[in-house]
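There are 2 protein chains.
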Amino acid sequence: MQRAIAILDSGVGGLTVVKEVMRQLPREKIIYFGDTARTPYGPRSSEEVVMFTRQIVDYLLQFGPKMIVIACNTATAVALQEVRKSVSVPVVGVIHPGARTAIKTTRTGIVGVIGTEGTIRSGAYEQALQEISPQTEVLSLACPTFVTLVERGLFNGEEVRKEIGCVLELFRKQPMDCLILGCTHYPFLADVIGEVMGPEVSLINSAEETAREISTILSHSGQLALTGEQPIHQFFCSGDPKLFQRIAQSWLEEQIKVTPIVWQVSRLY
Amino acid sequence: MQRAIAILDSGVGGLTVVKEVMRQLPREKIIYFGDTARTPYGPRSSEEVVMFTRQIVDYLLQFGPKMIVIACNTATAVALQEVRKSVSVPVVGVIHPGARTAIKTTRTGIVGVIGTEGTIRSGAYEQALQEISPQTEVLSLACPTFVTLVERGLFNGEEVRKEIGCVLELFRKQPMDCLILGCTHYPFLADVIGEVMGPEVSLINSAEETAREISTILSHSGQLALTGEQPIHQFFCSGDPKLFQRIAQSWLEEQIKVTPIVWQVSRLY
Numbered sequence: 020m021q022r023a024i025a026i027l028d029s030g031v032g033g034l035t036v037v038k039e040v041m042r043q044l045p046r047e048k049i050i051y052f053g054d055t056a057r058t059p060y061g062p063r064s065s066e067e068v069v070m071f072t073r074q075i076v077d078y079l080l081q082f083g084p085k086m087i088v089i090a091c092n093t094a095t096a097v098a099l100q101e102v103r104k105s106v107s108v109p110v111v112g113v114i115h116p117g118a119r120t121a122i123k124t125t126r127t128g129i130v131g132v133i134g135t136e137g138t139i140r141s142g143a144y145e146q147a148l149q150e151i152s153p154q155t156e157v158l159s160l161a162c163p164t165f166v167t168l169v170e171r172g173l174f175n176g177e178e179v180r181k182e183i184g185c186v187l188e189l190f191r192k193q194p195m196d197c198l199i200l201g202c203t204h205y206p207f208l209a210d211v212i213g214e215v216m217g218p219e220v221s222l223i224n225s226a227e228e229t230a231r232e233i234s235t236i237l238s239h240s241g242q243l244a245l246t247g248e249q250p251i252h253q254f255f256c257s258g259d260p261k262l263f264q265r266i267a268q269s270w271l272e273e274q275i276k277v278t279p280i281v282w283q284v285s286r287l288y
Numbered sequence: 020m021q022r023a024i025a026i027l028d029s030g031v032g033g034l035t036v037v038k039e040v041m042r043q044l045p046r047e048k049i050i051y052f053g054d055t056a057r058t059p060y061g062p063r064s065s066e067e068v069v070m071f072t073r074q075i076v077d078y079l080l081q082f083g084p085k086m087i088v089i090a091c092n093t094a095t096a097v098a099l100q101e102v103r104k105s106v107s108v109p110v111v112g113v114i115h116p117g118a119r120t121a122i123k124t125t126r127t128g129i130v131g132v133i134g135t136e137g138t139i140r141s142g143a144y145e146q147a148l149q150e151i152s153p154q155t156e157v158l159s160l161a162c163p164t165f166v167t168l169v170e171r172g173l174f175n176g177e178e179v180r181k182e183i184g185c186v187l188e189l190f191r192k193q194p195m196d197c198l199i200l201g202c203t204h205y206p207f208l209a210d211v212i213g214e215v216m217g218p219e220v221s222l223i224n225s226a227e228e229t230a231r232e233i234s235t236i237l238s239h240s241g242q243l244a245l246t247g248e249q250p251i252h253q254f255f256c257s258g259d260p261k262l263f264q265r266i267a268q269s270w271l272e273e274q275i276k277v278t279p280i281v282w283q284v285s286r287l288y
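Protein chains in written order, with our numbering: chain A, 20 to 288; chain B, 20 to 288.
Since the hints were derived computationally from the structure, they do not count as laboratory data. This structure is a prediction, so every number in the text was calculated from the model and none was measured. Treat the hints with care, as some may be off.
One copy or two, either will do: identical chains are not told apart, so a pair holds if it fits within one copy or between any two.
What the hints assert, rightly or not - Straight-line Cα separation of at most 30 Å, DSBU-like style, residue types lysine-lysine; simulated pairs: (1) Lys104 / Lys181; (2) Lys276 / Lys104; (3) Lys123 / Lys85; (4) Lys123 / Lys38; (5) Lys276 / Lys123; (6) Lys276 / Lys38; (7) Lys104 / Lys85; (8) Lys276 / Lys85; (9) Lys276 / Lys192; (10) Lys276 / Lys181; (11) Lys104 / Lys38; (12) Lys192 / Lys261; (13) Lys85 / Lys181.
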């Protein structure tokens with residue numbers, strides 16, 4: 020049986036990675052876990068995010084995945100190294116793929132990053148960018164309200180335009196030539212963010228880039244699914260399965276089945 | 020001492036990969052081998068290209084590199100698997116990075132590829148693209164004269180424009196939305212190729228994409244150079260070192276030292 024790629028997120032944001040894996044690696048089977056009962060992770064303490072991430076990884080390991088993808092920037096920022104140490108399969112985060120693309124894309128060496136408070140506070144993008152390319156200048160901004168828009172299913176329209184325009188008003192005047200969407204929720208809002216930032220700024224979609232790195236890593240370890248039937252993906256969420264299903268089906272443009280998971284109190288802490 | 024990334028090519032084409040590694044991974048030390056005495060590889064038999072590639076890899080192994088990059092599409096097409104079997108460090112070719120980027124970039128699923136006769140005849144791009152994404156339609160064209168332009172140091176100007184316009188005249192009317200520059204020499208000609216193909220077609224530069232995959236692979240095996248002094252690169256070529264140096268310095272925009280290598284007859288066959 021084909022081993023799956025396990026993808027996890029605090030909620031529906033990681034579905035942007037799912038969509039890209041489905042598009043770029045149509046032969047791969049995906050198991051997704053969205054922790055919608057405890058979203059957003061952005062404002063939580065690092066300790067809490069690490070604990071939540073480990074719980075989900077433990078849950079996903081029962082399926083014997085060939086790779087674990089932490090499709091949440093906040094969780095990648097604080098839990099990637101921990102999870103890497105504790106499992107034997109490759110663990111991919113969403114920060115380095117975006118950082119590498121920014122390094123490839125920028126001509127001025129000035130890179131913008133937007134993300135949740137947790138991601139921005141962690142300095143994980145600065146670290147990833149400057150560790151690889153020390154001369155890179157990084158401008159960053161926390162945009163906490165963007166996740167809430169997406170988790171409510173709002174991707175465009177007047178309210179979204181107003182909120183994004185207001186949050187990015189000063190930031191868009193900074194001299195960057197590319198902007199990392201440093202939260203997997205943000206590609207849902209990419210059209211509006213792109214309009215606000217203007218055509219001079221290339222948007223870097225972590226989801227697209229993460230799917231591409233998944234392809235690279237599986238390919239180099241000889242683990243790409245190169246044959247086989249149309250895979251059947253599995254979706255789990257810890258919150259309202261109906262809302263999750265509605266957002267997922269609209270984003271992925273296909274019918275999916277969602278299995279609700281209830282965290283037991285004894286497992287929460 | 021820092022272990023280098025060893026990069027090899029049939030001539031000066033692989034310098035496009037060198038330039039991108041220097042830009043995207045400024046801390047990495049590079050050892051380059053350009054087989055300018057035996058360029059071009061494009062029209063040669065597979066057996067001969069495999070033999071030449073193995074000779075260069077054997078030469079480079081004395082430096083204890085942490086990775087070998089076959090920065091030549093022709094050699095990647097026919098020798099990558101062989102070389103991978105025979106060495107213990109990761110071996111990166113230039114075909115899959117371009118293929119993966121095409122899959123990420125295309126919205127229509129129709130991808131163009133230009134390369135040498137050897138690369139196009141091998142069908143290596145079709146295979147790489149369709150093995151990952153079976154629905155991809157691939158249109159390919161051999162452009163053997165492009166390498167000769169570059170090895171003569173001609174990157175633009177009237178002669179170049181005329182030759183490229185003529186070769187691509189029919190091909191540019193095909194319905195692709197991205198075009199893989201499937202030869203490491205072609206980024207030297209990217210400006211003119213871009214003009215001829217028009218703004219609707221995204222050019223995919225294997226050199227940029229290969230440097231980015233080198234970053235991904237070294238990062239995932241914990242082998243990125245994350246500290247250290249400005250690296251001093253080393254360049255070897257088997258043909259005229261003066262012409263090589265002139266082209267390399269103009270392309271890399273820095274002074275380099277070239278060590279000429281003479282193939283002994285007993286080593287040739």
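Status of each hint after checking the structure:
1. Proximity of Lys104 and Lys181 under a CA criterion of 30 Å is satisfied in neither setting, with 43 Å inside one chain copy and 57 Å between copies.
2. Taking the shortest Cα distances, Lys276 and Lys104 never come within 30 Å of each other, neither inside one copy (32 Å) nor across copies (43 Å).
3. For a Cα distance limit of 30 Å, the shortest separation of Lys123 from Lys85 qualifies both inside one copy, at 28 Å, and across copies, at 22 Å.
4. Taking the shortest Cα distances, Lys123 and Lys38 sit within 30 Å of each other both inside one copy (23 Å) and across copies (12 Å).
5. With identical chains, the CA atoms of Lys276 and Lys123 are at most 30 Å apart between copies only, with a shortest distance of 26 Å across copies and 38 Å within one.
6. Proximity of Lys276 to Lys38 under the C-alpha cut-off of 30 Å is restricted to the intra-copy arrangement: shortest distance 15 Å within a copy versus 48 Å between copies.
7. In this assembly of identical chains, Lys104 and Lys85 lie within 30 Å of each other by CA distance both inside one copy and across copies; the values are 16 Å within and 23 Å between.
8. In this assembly of identical chains, Lys276 and Lys85 lie within 30 Å of each other by CA distance solely inside one copy; the values are 22 Å within and 45 Å between copies.
9. In this assembly of identical chains, Lys276 and Lys192 lie within 30 Å of each other by CA distance neither inside one copy nor across copies; the values are 44 Å within and 43 Å between.
10. Proximity of Lys276 to Lys181 under the C-alpha cut-off of 30 Å is found in neither arrangement, the shortest distances being 34 Å within a copy and 57 Å between copies.
11. When the C-alpha separation of Lys104 and Lys38 is checked against a cutoff of 30 Å, the pair qualifies only within one copy, where the shortest distance is 28 Å, while the shortest distance between copies is 34 Å.
12. In this assembly of identical chains, Lys192 and Lys261 lie within 30 Å of each other by CA distance neither inside one copy nor across copies; the values are 40 Å within and 47 Å between.
13. Neither within a single protomer nor between protomers do Lys85 and Lys181 lie at most 30 Å apart by alpha-carbon distance, with minima of 42 Å and 51 Å respectively.
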